[in-house]
Amino acid sequence: MKKVPVKKTWYHSVSDHYKSLKLQHKKKMFRLKAKLFLTVILPFLILVLGAEVLRTFIQIKIRKLFTRPLPKD
1 MKKVPVKKTW
11 YHSVSDHYKS
21 LKLQHKKKMF
31 RLKAKLFLTV
41 ILPFLILVLG
51 AEVLRTFIQI
61 KIRKLFTRPL
71 PKD
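So the sequence shown is numbered by UniProt numbering: it starts at 1 and just counts up by one.
Keep in mind that the hints were calculated from the coordinates and are not lab data. Hints are not guaranteed to be accurate.
[Said to hold, decoys possible] In silico DSS-like pairs for lysine-lysine, Cα to Cα no more than 27 Å straight-line:
no., residue 1, residue 2
1, Lys35, Lys19
2, Lys72, Lys61
3, Lys8, Lys26
4, Lys3, Lys22
5, Lys22, Lys8
[Said to hold, decoys possible] Have a look at the derived ranges for each label pair, beta carbon to beta carbon:
no., residue 1, residue 2, range
6, Phe57, His25, 33 to 39 Å
7, Phe30, Leu65, 46 to 52 Å
8, Leu38, Pro69, 47 to 53 Å
9, Leu47, Leu23, 46 to 52 Å
10, Val40, Thr67, 40 to 46 Å
11, Ser20, Gln59, 55 to 61 Å
12, Ala34, Lys8, 32 to 38 Å
13, Gly50, Met29, 27 to 33 Å
14, Leu47, Lys8, 50 to 56 Å
15, Thr67, Pro43, 32 to 38 Å
16, Thr39, Trp10, 38 to 44 Å
17, Ala51, Asp16, 50 to 56 Å
Keep in mind the model is a prediction, meaning the values are calculated, not measured. Note that CB positions come from ideal geometry on N, CA and C, so glycine has one too.
Based on the provided sequences and hints, a complete structural model is requested.
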């Protein structure tokens, strides 16, 4: 038995169109957030992490330098 095609009402056609636009907007916003994260936030985090590593490295080197015994002349 074949199903008879049912014509969509104006409400269903508008609702389907709205859903498709909403999905497109959602995808576009995800891409925007991903680009923002990869171009702004991630490099900033790498820079901050690098600064902390450098600070710790300098502290270790200074501590080693000043904990050596003094040379006797």
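Hint check:
no.	hint	in the structure
1	Lys35 / Lys19	holds, 24 Å
2	Lys72 / Lys61	holds, 22 Å
3	Lys8 / Lys26	holds, 25 Å
4	Lys3 / Lys22	violated, 30 Å
5	Lys22 / Lys8	holds, 20 Å
6	Phe57 / His25: 33 to 39 Å	violated, 46 Å
7	Phe30 / Leu65: 46 to 52 Å	holds, 50 Å
8	Leu38 / Pro69: 47 to 53 Å	holds, 50 Å
9	Leu47 / Leu23: 46 to 52 Å	violated, 36 Å
10	Val40 / Thr67: 40 to 46 Å	holds, 41 Å
11	Ser20 / Gln59: 55 to 61 Å	holds, 57 Å
12	Ala34 / Lys8: 32 to 38 Å	holds, 35 Å
13	Gly50 / Met29: 27 to 33 Å	holds, 30 Å
14	Leu47 / Lys8: 50 to 56 Å	holds, 54 Å
15	Thr67 / Pro43: 32 to 38 Å	holds, 36 Å
16	Thr39 / Trp10: 38 to 44 Å	holds, 43 Å
17	Ala51 / Asp16: 50 to 56 Å	holds, 52 Å
Comparing the model with each earlier hint shows violations of hints 4, 6, 9; every other hint is respected.
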